[in-house]
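A.B. asks: Spelled out, the chains give:
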Amino acid sequence: MVQINFALREINCKVVYYGPGMSGKTTNLEIVHKKAPEENKGELTSIATDGDRTLFFDFMPLDLGTIAGMRTRFHLYTVPGQVYYNSTRKLVLQGADGIIFIADSDPDKFEENLESMENLRVNLAEHGRDISDVPLVIQYNKRDLPNAIESAELDAKLNLYGAPTFDAVARSGEGVFPSLKSLSALVLENISKVGSKGAQMRNQSGGAAGPVRPVRATDTAPGRPASPRTAPNRNAPARAPAQRRPAAAQRPASNPRPAAPGRTPRTDAATAVAAARPVVKPRQDARPNPKTGASPRSSSARHMVPTARPGVNINRSEHASGGSKIFIALAVILLLAAAGVASYMFLTL
Amino acid sequence: MKDLQLRDARLVFYQEDVARFDRILDELLKASEARTTLVIDRDGHMVTWRGDSPRFDADTVSALIAGSYAATREIARLLGEDEFTHLFQQGTRDNIHLTMVGDRALLAVLFDEKTTLGMVRLYVKEAAQKLEVVFEASRKRQEMGQDAGAPRDYAKQAKNQIDGFFDAIG
Chain A
1 MVQINFALRE INCKVVYYGP GMSGKTTNLE IVHKKAPEEN KGELTSIATD GDRTLFFDFM
61 PLDLGTIAGM RTRFHLYTVP GQVYYNSTRK LVLQGADGII FIADSDPDKF EENLESMENL
121 RVNLAEHGRD ISDVPLVIQY NKRDLPNAIE SAELDAKLNL YGAPTFDAVA RSGEGVFPSL
181 KSLSALVLEN ISKVGSKGAQ MRNQSGGAAG PVRPVRATDT APGRPASPRT APNRNAPARA
241 PAQRRPAAAQ RPASNPRPAA PGRTPRTDAA TAVAAARPVV KPRQDARPNP KTGASPRSSS
301 ARHMVPTARP GVNINRSEHA SGGSKIFIAL AVILLLAAAG VASYMFLTL
Chain B
1001 MKDLQLRDAR LVFYQEDVAR FDRILDELLK ASEARTTLVI DRDGHMVTWR GDSPRFDADT
1061 VSALIAGSYA ATREIARLLG EDEFTHLFQQ GTRDNIHLTM VGDRALLAVL FDEKTTLGMV
1121 RLYVKEAAQK LEVVFEASRK RQEMGQDAGA PRDYAKQAKN QIDGFFDAIG
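Chains A and B are the protein sequences, given in the same order. Just so we're aligned: 197 in the working numbering is position 197 of the first sequence, and the numbers increase by one with no gaps anywhere. Just so we're aligned: 1153 in the working numbering is position 153 of the second sequence, and the numbers increase by one with no gaps anywhere.
If you're looking for bench data, these hints aren't it; they were derived computationally from the structure. As the structure is a computational prediction, the values presented were derived from the model and not from experiment. Keep in mind that a hint or two might mislead.
Stated by the list, open to error - Covered stretches of chain A, going by a simulated chain B footprint (3 or more residues, C-beta under 8 Å):
| # | stretch |
| --- | --- |
| 1 | 4-11 |
| 2 | 70-76 |
| 3 | 179-193 |
| 4 | 329-340 |
We put the CB at the ideal spot given by N, CA and C, even for glycine.
Work out the full structure, taking the sequences as your base and the hints as a guide.
C.D. replies: Right, here's the structure in full:
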């Protein structure tokens, strides 16, 4: 499902590559990862078997850039194609905002294509969705096979929903981006459709969302932690100085400063209490991550309690004062007792 | 069917929602002395995070956490359990505790030797309940059709952006 996050100024969408086993879903993703600009892509992660077959899914985030002030990000997934893995395929399909179906042009795989498309329809129905309502693009892959089935024939049997289709040779990159571009347009168009006018007004006038900060095209997501692929904010100090904390307290919690290189000292009450401990064991990670060059803590300074330690001290002094009173009372009792004993002895003598 | 459709609809979070999430997460961090907390929606998109900046690609880890939890739920279903409400992954230095928040999100808590699983579990339950209240408010807003869509000129700008992005790749 689309996630629209006005606090982070982000729109996140889920795109799933679907299709029979060995049709080229992972290859599509590998090509996207290989050719997408460095600053727009995250890591390509695969949960695969030893034989390099997708076991659960492949995943990579792709940043399409800032659109109308909202950073728009696609999370690209593939599913395992084999029939055996239907349960995991169904899990990955959950919440998909768009699907690229990769069909195999090999005549021997014709039936598998049909089964996989039917499987897609059934799995979407089990998630309560109608395949004709979901943005869908079909890619006819492996067009370079000498005996490839005619695209028109594939189209007649497979494209029952009027989806845009593309011929491709994913291995060489041909057709990979046109398919993704077409689906991107469908997904983003779908996002724009829903949303009542009142809600739009509410958003734009501040309403529940609060004043919407104007976002420059160059802005990075304000609250997102630095990823290995994200360039660190070079303007930020290597280590946030402690005296800057009060200033940070004025920042809204929902819009923390972007991740800065170096580790920002803890600024909340927990840290203040932790710092009061007699032994503070340094953690191994208390240095900037050499890979990301950034690992700040972005605690809301609103929750910073700089007086936590004095508070503890006040309690301690009250406790000490009570103890003194008891001590004096005991001393007086002892003195009175001693005086009593002395008087008794004097009288008896 | 209606519930399924609602759950599969979009999630919209305003600044005030995320500010409430952040307050709850800050309280959790303070009480449990965990390092980092993340709220992740069921589809693996991160909603917000607090604490030490994760030393990993948060998008990837969020996707993997959501996948891992989805698989665990499926196992629970096959075993006849309603669900496994908590999931704990122990490492030599870092540990992750996962909890379902309602039926639309996950609360992930990363902690190290500074605290214990017991402490984390103790405070996570309360935090998850508080988070669920915010998600429930979001759901009600959605049911009443009060959620905003994308910004007004999003569709128009999206087309230009897509053309520019993909043309640059070639």
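A.B. asks: Each of the hints needs a verdict: does it hold here or not?
C.D. replies: Here is how each hint holds up against the structure:
Remark: the stretch 4-11 of chain A is confirmed as covered by chain B, as 6 of its residues place a Cβ nearer than 8 Å to a Cβ of that chain, reaching the required three. Figure legend: the stretch 70-76 of chain A, annotated as covered by chain B; annotation consistent (4 residues with Cβ-Cβ distances under 8 Å, at least 3 required). Counting residues of the stretch 179-193 of chain A whose C-beta lies closer than 8 Å to any C-beta of chain B gives 9; at least three are required, and the coverage claim holds. Using a Cβ-Cβ cut-off of 8 Å, 0 residues of the stretch 329-340 of chain A lie near chain B, which falls short of the minimum of three, so the contact claim is violated.
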